[in-house]
Amino acid sequence: MTKPSRIVSVGILSAFFLLPAVGSASSAAPADSQVFMVQGLPGESVSVSVDGGTERELAAGTVSDGVTLASGEHVLSFTGKDTAWRMDVDVDLRAGGSTDVVIHRPASPDGDPIVTTFENPRAPVTSDRGRVQVAHTATVPPADIVVDGDVVFANVANGEFATAEVPAGVHDVSIVPTGQTGPALLGPVDLEVEPATLTRVYAIGQPEGNSMDVVVATLPLSTNGSQAPEQVNTGSAGLVSDRSASADSWTLGWAAALVPVVAGLTIGATLLARRTRTVVTSQETTVGNRYRRV
Amino acid sequence: MSDDVPTEHRHRGGLRRGPLRTAILVSAFVLMAGVVLALVSVQAGQRDEPSARLTASTDPSDSPSSEPSDERSSEPSNPGPGPTSTPTRWRTTARPGIPAGITSSRQPTAIRLPDGEEMDVRKATTDAEGELVVPDDVDVAGWWDGGARVSDPFGTMVIAAHVDSEIQGLGPFSALLSAAEGDAVEALTQEANQTYVVSSVTRIPRDSLTERDDLFTSSGPHQLVLLTCAGDFIPQQGGYQDLAVVVAEPLERTSG
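Read top to bottom, the protein sequences are chains A and B. The opening position of the first sequence corresponds to residue 295 in our numbering, with each subsequent residue numbered one higher. The opening position of the second sequence corresponds to residue 2 in our numbering, with each subsequent residue numbered one higher.
Some clues are possibly wrong.
[Said to hold, decoys possible] Pair by pair, the computed Cβ-Cβ distance ranges are: (1) A:489 <-> B:204: 28 to 36 Å; (2) B:130 <-> A:477: 51 to 59 Å; (3) B:167 <-> A:451: 35 to 43 Å; (4) A:451 <-> B:203: 24 to 32 Å; (5) B:111 <-> A:325: 33 to 41 Å; (6) A:516 <-> B:206: 34 to 42 Å; (7) B:204 <-> A:516: 32 to 40 Å; (8) A:477 <-> B:213: 37 to 45 Å; (9) A:489 <-> B:130: 24 to 32 Å; (10) A:388 <-> B:108: 22 to 30 Å.
Simulated from the structure, these hints should not be mistaken for lab results. Computed from a predicted structure; not experimentally measured. For each residue, glycine too, the CB sits at the ideal point set by N, CA and C.
Work out the full structure, taking the sequences as your base and the hints as a guide.
Below, the structure is given as structure tokens:
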């Protein structure tokens, strides 16, 4: 296996947002929703404003801090600074949800920027696992995602994502054209998966211009599941036992040993009794009362 | 117009009615009309100019806030890939990411054994004494909640059930004692099912389970591990002395 060429650092954050006040940011009410902006346009200067609020820059290849908004409809306005364009994007946020809003290019190299949303799955994992959610937001055709040498997700196209729970630790990750073993469109990279953590991975950029990159950010997860068992007791009637199920095997063993002994004694006594009887009969008339019948 | 004009009007010095006056009035009117028209056209020109500047400009200091706030200069629909037309401003709706493959919880809800018998599967937890609490009902299997789920990429998924009970007699898992390599076991979930193919059938002493980390691991290739009691049944020594261990590998899905 090719040694990974670089370590991807997790969680590059930038762009603090000042919002029009929507409740308290420190204690989000259940009706609120959390949003992260992901700038998936390598080398491009982009800024964003929420509902006409203050504009803030989004550095290319980064994920913003979480923004708490009321659930429901909002308008995110993205502005391209290099080739001036402006995109007003309607989003509808689920109450209690956590969403990554990603601005990226489609599969076609000359396509205009598009915005795709990805829900962050916050369900618990076991304490020795992490959840990884990988999204294809790059200007490449459908791809396979290879983890530790195996294709874990196949045929993922631009705008699609896949999720898996994997053991915590460092995993070798690469993205290849679907159905092929190489050359890698991205990677291989070392992806550190922390336990009880959701790791979001966005493939961005395009091969032309050598801008393929991966954006990584994490969120904490709660844990569930129990420890490995030391005992499994799954049977109480003895019906499939290798020996007889109705008798105690200790008694059975002794009984089995005693049977020939008892039988031998019984046969011997019977034979002995018969021999004595015959002798007495034959001697009885001659000797008189000297011998007793047995 | 009357010729009968009072003397006072003449002395005020107003224009005399006549051709000259008419000419001046008409000229003034035309001049004013021209000015008004010029003003209107300049106004329109100013409205157009900022958008033209935006299209042509590569100056990053041009701020969108300098635009009139009611400016809408391009088509409102979702732009497709357009090599020659880059809209300057457009409105669109964020599209939701599409799941590629199964992405939600895949806890097994039922299992189909090689002989075709199907039984329910419920969550099973390891208690404080380290015992896996398997459902008492021989017809219901327990899935260890610390293990893998159906079709996870790594780790063992452990399902155990009683081989028998005094009340119910033999359970469906007793059929596993005669399982063979190549037998199919199907794990059913709310989303999709996964077939596993038996790769080994072994017996281990029941008290050796603590040495078998490999049966309860989150690492390594994904496997199904089925457990049930077997071997000699010795009541004074806790009943069954062995565990039957059936390991099965996930069958590759052929659909893309």
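Next item on the list: Report the numbers of all earlier hints that the structure fails to satisfy, in ascending order.
Entry: 3, 4
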